[in-house]
Amino acid sequence: MRPTPDPFTEALLARADDALVLGHRLSEWCGHAPTPEEDLALANLALDQIGLARALYAEVGAGSGRTEDELAYFRTDRDFRNCLLVEQPNGDFAHTIVRQFLYTAYADPFWRAAVGSADPALAAIAAKAELESAYHLRHASEWLIRLGDGTAESHARAQAALDALWPCTAELFEPEPKARLPDPVPLRAAWSATVDRVLARATLARPADGWAQTGGRRGRHTEAFGKMLAEMQSLARAHPGAVW
Amino acid sequence: MTEAAVPLWEVFLRARTGLAHQHVGSIHAADAELALQAARDTYTRRGEGLSIWVVPSAAITASDPGDRGPLFAPGTTKPYRHPTFYTVPDDVGHM
Numbered sequence: 334m335r336p337t338p339d340p341f342t343e344a345l346l347a348r349a350d351d352a353l354v355l356g357h358r359l360s361e362w363c364g365h366a367p368t369p370e371e372d373l374a375l376a377n378l379a380l381d382q383i384g385l386a387r388a389l390y391a392e393v394g395a396g397s398g399r400t401e402d403e404l405a406y407f408r409t410d411r412d413f414r415n416c417l418l419v420e421q422p423n424g425d426f427a428h429t430i431v432r433q434f435l436y437t438a439y440a441d442p443f444w445r446a447a448v449g450s451a452d453p454a455l456a457a458i459a460a461k462a463e464l465e466s467a468y469h470l471r472h473a474s475e476w477l478i479r480l481g482d483g484t485a486e487s488h489a490r491a492q493a494a495l496d497a498l499w500p501c502t503a504e505l506f507e508p509e510p511k512a513r514l515p516d517p518v519p520l521r522a523a524w525s526a527t528v529d530r531v532l533a534r535a536t537l538a539r540p541a542d543g544w545a546q547t548g549g550r551r552g553r554h555t556e557a558f559g560k561m562l563a564e565m566q567s568l569a570r571a572h573p574g575a576v577w
Numbered sequence: 076m077t078e079a080a081v082p083l084w085e086v087f088l089r090a091r092t093g094l095a096h097q098h099v100g101s102i103h104a105a106d107a108e109l110a111l112q113a114a115r116d117t118y119t120r121r122g123e124g125l126s127i128w129v130v131p132s133a134a135i136t137a138s139d140p141g142d143r144g145p146l147f148a149p150g151t152t153k154p155y156r157h158p159t160f161y162t163v164p165d166d167v168g169h170m
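From first to last, the protein sequence lines are chains W and G.
Counted the way the working numbering counts, the first sequence spans residues 334 to 577.
Counted the way the working numbering counts, the second sequence spans residues 76 to 170.
Just so you know, these hints were derived from the structure itself, not from any lab.
Among the clues, some could well be false.
[As the list claims (entries may be wrong)] Partial pick of chain W residues on the chain G-facing surface, computed with a CB cut under 8 Å: (1) Thr-368; (2) Glu-370; (3) Leu-373; (4) Ala-374; (5) Asn-377; (6) His-472; (7) Glu-475; (8) Arg-479.
[To be verified] Over 10 Å on every C-beta distance to chain G, these chain W residues come out as not near it, computed from the model: (9) Ala-391; (10) Pro-422; (11) Gly-449; (12) Lys-560; (13) Ala-575.
This structure is a prediction, so every number in the text was calculated from the model and none was measured.
Virtual Cβ for every residue (Gly too), placed ideally from N, Cα, C.
Can you build the whole structure from these sequences, using the hints too?
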């Protein structure tokens, strides 16, 4: 159907898909967040992610002859390379914050490492993404501390979300064919230190590493992802080529 | 979300180095750190600021609108409080 992309383009696509899918999930909060302030905050995070996805899709497109819209709206779930963590449904606010925290604790050191990439376009994208991810991590960490160390109910909800999402975290550090991108494997130590530091302040228990749910990077996604994609892609597929 | 659990904060932004912080609005937040984040997300989305202050609204003591006469009206009839009231002799030069 299309030429097999090189490992660098494949790895970029995985980062772009992470950003788009997480951005879309966060955008689902628009108009539904607990307060107007948090509604704006989550929309800001969503737009940061979608902006990052666009920059990365432009790079992927340059390497594979596809447009941003083709990549975002005209691929099926099996073609997406995002990790399973970012596609998990929003659930309650604690669930969204835990997902955001576990992902950005990985994305922040990843983009900081990518700033030194030998690829100038990627280094430029990383320089912007790194500043955004640093704020995303601060935002999610502060909320998680307050949910965990808040009321009995907020603590229980945060712990339940942590336990539910934990099996999706191992996938972040899977070795992957890479070139000119940071290797995710050594990022695990930084991620783990951030997780321990914030969970301690949040009085939450770190779940044990047991069975890990993986497959997203190879196109095997969860059921909820197909529904999310159908909604996200419906407008572009109903009106192909439509512009604002 | 009740007022007691989520207090109101006044937000002040400094747009550029050298300018004073200006009041831009208010937000609700549970504590100072979340207030800073909410202020950042609400009032600096278009690159407006270099520095944010958040102040608990309860910490502000305001003048009573009923005191407007005694507090402010006398100031309007005292032109000698403006520097332009005084003529500077020509031989002083630039002050």
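Hints, one by one, checked against the model:
no., hint, in the structure
1, Thr-368, "holds, 6 Å"
2, Glu-370, "holds, 4 Å"
3, Leu-373, "holds, 5 Å"
4, Ala-374, "holds, 4 Å"
5, Asn-377, "holds, 5 Å"
6, His-472, "holds, 6 Å"
7, Glu-475, "holds, 6 Å"
8, Arg-479, "holds, 7 Å"
9, Ala-391, "holds, 23 Å"
10, Pro-422, "holds, 23 Å"
11, Gly-449, "holds, 26 Å"
12, Lys-560, "holds, 29 Å"
13, Ala-575, "holds, 27 Å"
Checked against the numbered hints above, the structure violates none of them.
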